[in-house]
Each structure stands twice: as structure tokens, then as C-alpha cells.
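Student: Top to bottom, those sequences are chains A and B. Here the numbering used here is used: position 8 in the first sequence is 8, and no number is missing along the way. Positions in the second sequence are counted from 1; adding 117 to them yields the numbering used here.
Source of the hints: derived by calculation from the structure; they are not laboratory data. No incorrect hints appear here.
Straight-line C-alpha distance at most 27 Å; calculated BS3-like pairs for lysine-lysine:
#1 B:K159 / A:K27
#2 A:K44 / B:K218
#3 B:K218 / B:K122
#4 B:K174 / A:K44
#5 A:K62 / B:K218
#6 A:K51 / B:K218
#7 B:K159 / B:K175
#8 A:K44 / B:K188
#9 B:K122 / A:K44
#10 B:K218 / B:K174
#11 B:K122 / B:K188
Just so you have them, the derived chain A footprint on chain B, three or more residues with Cβ under 8 Å:
#12 156–164
#13 219–228
Simulated DEER-style distance windows between Cβ atoms:
#14 B:T145 / A:V117: 41 to 51 Å
#15 B:Q126 / A:E72: 40 to 50 Å
#16 B:V171 / A:E18: 42 to 52 Å
#17 B:K175 / A:R64: 38 to 48 Å
#18 B:P169 / A:Q81: 36 to 46 Å
We put the beta carbon where it would ideally sit given N, CA and C, even for glycine.
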Amino acid sequence: NAGVMQNPRHLVRRRGQEARLRCSPMKGHSHVYWYRQLPEEGLKFMVYLQKENIIDESGMPKERFSAEFPKEGPSILRIQQVVRGDSAAYFCASSSTGGPPPGNTIYFGEGSWLTVV
Amino acid sequence: QQQVKQSPQSLIVQKGGISIINCAYENTAFDYFPWYQQFPGKGPALLIAIRPDVSEKKEGRFTISFNKSAKQFSLHIMDSQPGDSATYFCAASNMGKGAQKLVFGQGTRLTINP
Chain A
1 NAGVMQNPRH
11 LVRRRGQEAR
21 LRCSPMKGHS
31 HVYWYRQLPE
41 EGLKFMVYLQ
51 KENIIDESGM
61 PKERFSAEFP
71 KEGPSILRIQ
81 QVVRGDSAAY
91 FCASSSTGGP
101 PPGNTIYFGE
111 GSWLTVV
Chain B
118 QQQVKQSPQS
128 LIVQKGGISI
138 INCAYENTAF
148 DYFPWYQQFP
158 GKGPALLIAI
168 RPDVSEKKEG
178 RFTISFNKSA
188 KQFSLHIMDS
198 QPGDSATYFC
208 AASNMGKGAQ
218 KLVFGQGTRL
228 TINP
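Just need the whole structure built from these sequences, with the hints factored in.
Tutor: See the structure below:
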């Protein structure tokens, strides 16, 4: 049973370019979460999605960032016109339902490390 | 009020010793408190979690102690081993308002010396 798959694992973008990060949840999981981890900091919630729906985007920056989880295919976190401050590790997590743990544990992927030069 | 404060930032413990990491929160609506372990270049992995209706939870060498009145909780790693060397994050969430919308502490880099 494959875990949460993220790609690319490492991405280098020049300032002003676009970054697209992909996340395939665990098999059977339909709830996806994106978190951002800045260097030497804890993870910060960005967005919670179900298939074709954004449930909670309260942690998303107001501009340049968007996320989707289409009916088919992986979830995508898109960052337009990247700036140096976007350099971070972006983690995707998934769960089988939106219900509470411990019955519904979320599992994190190994992250996508974005470097903006 | 959404913050979770974690200390220390880094910790060095001798093999076989007890590692203790502390966290404090302000939001009394939090009712789920997990701890995550993260190795370099990897994603966080759930280690152990507690609800506020109990004061302690133990799983193997890992124990969470929870003090509801003080709004503090801590992770104790007994008989610490070099393989425990990792970054540990405490977190908190409100199960009724998005259990998986976790608020993380800043992390503790734990090093176990052989």
C-alpha cells in the first residue's frame, strides 16, 4: 500500500516563475491537506481539500497560491510568480475521512522542497 | 491564541537517558494533541497522541503527559536510543472544527549520543 506520493521532491525555480507541486493521496483516501514548513520552523496548515472541493483554505496566502484536487488525478498546489520567501518544504497529507482521530489518522508525504533563486 | 510553543529548540541526551520535550498552548478549544517525529528529508510521522480526558498515555518507550489546567503537555522518551535522533513536533487541533488542521510547535531537534 503506497503512502502519500509527492513530486517533484526537489524543485528549483527562478523568481517570477511558476511552481506546481503534485500530491497523490494514499489509496482509499479522499481528503488532502497541504502544509508548509519554512526552514527551522514547524509546519503550518495551508489548505484542506476533498475531491473537487476546497474545504478550508484559511492558511493559504491571499495571492499567488492556489490548490485543487480534481475528480481524477493528483492534488496540485500552484504557486505563481514565486519569490525567495516561498522557498520551503511543502508537505501533503491525506486521510480516509474528515473525521476525528485516532480513528482517522493523517499520513504525510515526504515533501517537496522548493528553492527559489 | 492559535500558537503552540515548544521547548527546548534542541536537546542532547546520552543513550539510555530520558528525553523530555515540552509544549504549551493557549486555545482551550484544542482537544487533540499529537506528537510527530521527523527525520531529515522525510515527512512527519505520527508518534503518539492524547485527548484531554486523560493525563497520561504510554506507548512503548514514549509517554505523553498532559496537564489541562496548565495547558501544557510533554513527551517523554525513556531509554533514549541513537535511532531516536530526529526532530520532534508537538501539535494541537480542535476535533470538532477540522481535526486535521493541526497547529504545530516549532520543533525540537533531539540528538542521542551513543
